[in-house]
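**Student:** Letter by letter, the chains look like this.
Protein chains: 2
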Amino acid sequence: GAASNDIDRTAINTIRTLSMDAVQKANSGHPGTAMALAPVAYTLWQDALICDPADPVWPGRDRFVLSVGHASMLLYSLIFLSGIRDVKDGKPTGKPSLSIGDLEQFRQLSSKTPGHPEYRHTTGVETTTGPLGQGCGNSVGMAIAQKWMSARFDKPGYPLFDYHIYTICGDGDMMEGVSSEAASTAAHLKLDNLTWIYDANRISIEGSTDIAFTENVAKRFEAYGWQVLVLKDANDTAGFLKLLEQAKAEKTRPTFILVHSIIAWGAPHKAGTAAAHGEPLGAEEIRETKRAYGWPEDKSFYVPDGVMERFQEKLGARGKEAHAKWNELFAAYKKEYPDLAKEIELILSGGLPEGWDSEIPTYKTDPKGVASRASSGEVLNAVAKKLPWLLGGAADLAPSTKTLIKDGGAFQPAEWNGSYAGRNLHFGVREHAMGSIVNGIVLSGLRPYGAGFLIFSDYMKAPIRLSALMEIPSIFIFTHDSVGVGEDGPTHQPVEQLVQLRATPGMITMRPGDANEVAEAWRTLIPFKDRPVALALSRQNLPTLDRDKYAPASGLAKGAYILGDSGKKPAVILMATGSELGLAVEAYEKLIADGIAARVVSMPCWELFEEQPQSYRDEVLPPDVTGRVSIEAASTVGWHRYVGLTGEAIGMYGFGSSAPAPELMKKFGFTVDAVVAAAKKQAGV
Amino acid sequence: GAASNDIDRTAINTIRTLSMDAVQKANSGHPGTAMALAPVAYTLWQDALICDPADPVWPGRDRFVLSVGHASMLLYSLIFLSGIRDVKDGKPTGKPSLSIGDLEQFRQLSSKTPGHPEYRHTTGVETTTGPLGQGCGNSVGMAIAQKWMSARFDKPGYPLFDYHIYTICGDGDMMEGVSSEAASTAAHLKLDNLTWIYDANRISIEGSTDIAFTENVAKRFEAYGWQVLVLKDANDTAGFLKLLEQAKAEKTRPTFILVHSIIAWGAPHKAGTAAAHGEPLGAEEIRETKRAYGWPEDKSFYVPDGVMERFQEKLGARGKEAHAKWNELFAAYKKEYPDLAKEIELILSGGLPEGWDSEIPTYKTDPKGVASRASSGEVLNAVAKKLPWLLGGAADLAPSTKTLIKDGGAFQPAEWNGSYAGRNLHFGVREHAMGSIVNGIVLSGLRPYGAGFLIFSDYMKAPIRLSALMEIPSIFIFTHDSVGVGEDGPTHQPVEQLVQLRATPGMITMRPGDANEVAEAWRTLIPFKDRPVALALSRQNLPTLDRDKYAPASGLAKGAYILGDSGKKPAVILMATGSELGLAVEAYEKLIADGIAARVVSMPCWELFEEQPQSYRDEVLPPDVTGRVSIEAASTVGWHRYVGLTGEAIGMYGFGSSAPAPELMKKFGFTVDAVVAAAKKQAGV
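So the protein sequences, as listed, match chains A and B. Each residue of the first sequence is one higher than the one before, counting from 409 in our numbering. Each residue of the second sequence is one higher than the one before, counting from 409 in our numbering.
Hints listed in this document are in silico derivations from the structure and should not be mistaken for laboratory results. Owing to the predicted nature of the structure, the values given are computational and were not obtained by experimental measurement.
Distance condition first, Cα-Cα at most 27 Å in a straight line; then the derived DSS-like pairs of lysine-lysine:
hint, chain 1, residue 1, chain 2, residue 2
1, A, K776, B, K433
2, B, K499, B, K742
3, B, K1074, A, K433
4, B, K722, B, K650
5, A, K499, A, K722
6, A, K659, B, K627
7, A, K640, B, K627
8, A, K1074, B, K433
9, B, K563, B, K794
Just need the whole structure built from these sequences, with the hints factored in.
**Tutor:** Given below as structure tokens:
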């Protein structure tokens, strides 16, 4: 094992002391887990993980996920000690990702070492973690992506995508439901490329886990269908290495390694206590701990000679060799399979195939129309034909959300009659894991979507937020987006979900108003590289507007646009989204017929509208026009930004109800008469 | 077993055919599960469940939770057939809760039989279900409440609270993480009063569960620590009854009964298929199914003679006797333990002890002040002293959220060194189950709270929403309520969470601005009977305002109030909540010193403010004063309702960052200078 040599023991203690020192200097952070897991993480990186520090985004690398994000100093120490190079614009710069100075700036303003590891912020961090359980879910997504890439691209003699995903998780992760969902999914999919290393330190913030968490975790994972291995002592690096080998050797299941550890190992008074979890050890305890490690007591942020070199000898040399081999392999592959190689390069660069949008349909005027979930299903399929790495699925709602890719095949192991090249994922009734898995797949370069009813975005809010924080282009398709759901009733009718998504920084929420806006929504969202999208789609039919009479749907790209106008200075502006757009148009026509200078604005995406220049926004919504009515079958919270103190927001002021949708629309005031009446009041007539 | 007699078989088929017919007539709904589970539910109700149809809110009754809420017709059929009486204002009216006419109105506007069962809406429905997994979590809360009531009130010879909680759940429930969290908790707490009946029909919306869900569920529940029993055939009522007896006999663990069933049992073409899950069977299939049952083919909503009588012979007679015994017992108890009996009566009537708020402290002016999480902890304890059935806990964050009830003891089984009379619950890192469990405890009459960081309200949005939909007074305490969290960084800093809560219909979101507002928040929220509350509290210290100089904190009860005013017509109004109130006050003082007619309004609760008469709202925010600035360290979405098109909303326009809180406040513009500058601009000076 790694620690059989003195230098390895020294390196492990370097990780421990850097973690202690950084938390102490910041006077904030979590030292205990990093100290406990240093031997495990060190052994994993030095003896198993395949990663080239000179090019940390090399696609053939193993992935390392620190689901216990609060132990961020463990990861920062490894990134620093292993000499991982910084990456800018997808290319390594040759400069170190982290310096000792960066570690000293742990948790300080604008530092590269924030409290929890942040993707994009610090090279070497594969995903943003901290909210517990998310790293577990992400890692399942990464494992799915690896299987898919391998199934699509690998050829005999060309194992291009042959990497493993390692996740370190803790008691908190194991208590969170999202990891249960993800674990069940991983075993069903027989993801043998996935290893979770579970730090069973039996300590949480409130004290011993005996107060809340006394289940048999190992047996639970056996029940899911994982290979379960146990390490009795986190310091037994030789034993751990053997278990890692067993994990790699297993070819039908993911592997769960349960590691018994002692939090803050080596700290004479705080080891094994909750006090070591979330606060600095204190100067005196640090001194005594360093003494116990045989460390210079008064040195802080001390890296003994030979430690960084040791990383180059092992992790560095192994990664360099593997990377070089891979480059050769890929060069040969490029000659033999130029089209596939081009595809791989596009994926890795975040590009799109030429003509990817050439089959997106245009819809003819149709008063009866089509549900936006249905037109979205058609557009999705039109894009999927040209964009082979668009893949996804629903949380057991593919038929209702219309998200099946025709002839895409099911992503399943052969045992369940599918193939890993399949493009239709079956997430089961597991919305939370779906969100987290989708993020993991995006982080691997593919373009996945996750689908469900808008109401159930509540179950997956955490990963939706993380996609926005990570600035990754996850696609969330949410249908049944209002009280228009009908008979299923208020438990299934979203009200506040749209505003939740809109208020999440960085999320792009689109609620297209007819089939052509749906087409434009997909045309707009697919090229996104750094922003997630939530599409809100109707269950019920929406009329397809006459685009000869009204402005073209391409206005969607600007977030909001003038759909129809009297040509005079507006006496009143009607604003609507999604299923209420048709209603707004009908009311607009009535107002025009009554001689009222009305304007109707389609507002499918607030966020894109806010990004337009002030001049455009003032053109659409002239500041001196205060006669304003918004119409949306959802909470009105947020609409006053556009209707102001004196305008009227027609929306939902309570929960929905169970009844056929047309009756509900009437009950809740979404009628032409109500809109016309509000508009006339606003226009002062 | 139940179905050994012809009349029992007839009754079971009555449930099946009512379910088929109602879904068919509504042309919407889920017939298959009700048909499959009719024998199971019938046997449970007829041979085990203790419930007096004449008084369905009798506190000694067993609880029945239909976690598979989509099978609502199963429950409606049972409520109708068993003759459960309607309850108004807590008292049975003598009229049936549901008539055959109500069943015929399934899923229609204003009917008593909505698509999914709704608490308060239909007597006999113990909790609102539909969003999967929630009923499972609720049932754990009900089991906790039973244990607590029993531990506090039962005396030798007086087993007043000796009831069992039965939950029917399905594959969807089992896939959801919330049920995993709840199951782990139930086993840890050794809730032997809880039985989950798992309908393993192996069919979900997308088809066979083989596409996504192939784990060993029975083994998983053994791993949690449940007694696991298996019924091979849902139609084996005798076998099922034996398992129910085993469940009742078990005295150390909750029981999980895995029932193999065939969805839409008896339907010749659709049995065992996904087509029977979420849509009507169709007239012809119904005809053939009735034929298979030996049913009159052309009769719809047909209830054979003797079926309703049979319910009275068994469920009715057993319940009546048990209820009468209980009444006798309680009468004697009342004599022997008058104080405790009074307490029980208060709990059951939703009342409060006299002087419950007499120890709520008043805080002295203090520029350094105190974190609102800390003052809230003090006030909570002051209330807890006088309100014995206030109990709760955190998702492993009791020390950080300051939610421990001093000397309250831990709610734990004796094996884990606690007692079921303990008032401090340890939920573990399981926010989602916590929310769902809190709802279940509230449904049993107690006043529980669940606590965590505001950011993690994302993990429990679904049960928060359900508390609002059910109109129950759940209390959610969310601390660390802004970027003021500091070093933990953006993964832990809420931005959009406040607006999420505010946009949820019926939720009361309070963000008190100093210690005295915290005291008033608790004084206001404890008497609530039909509305849940989310308290947003700071990690950092907040100055305690001088209430001789500024208006009293009792203004909180009106949601917003004028804290300070120049006495002239305001040139600008500053509005703030929570941790930004002190900042607004400082800016106000500067403006006044500069001779600007400023007003500062404290706005801790939008929802209560909106309930005030227009005259009061206009007094606080005069419509002709358009110089307006809002200050809140959160998303500004929603604030334009108060600042209008031309006011300024100072808030978060992106994610937070990892650094000491004071630096972040400066970085994100929460400074006196910035507020003064914005206010002067608004005032036109």
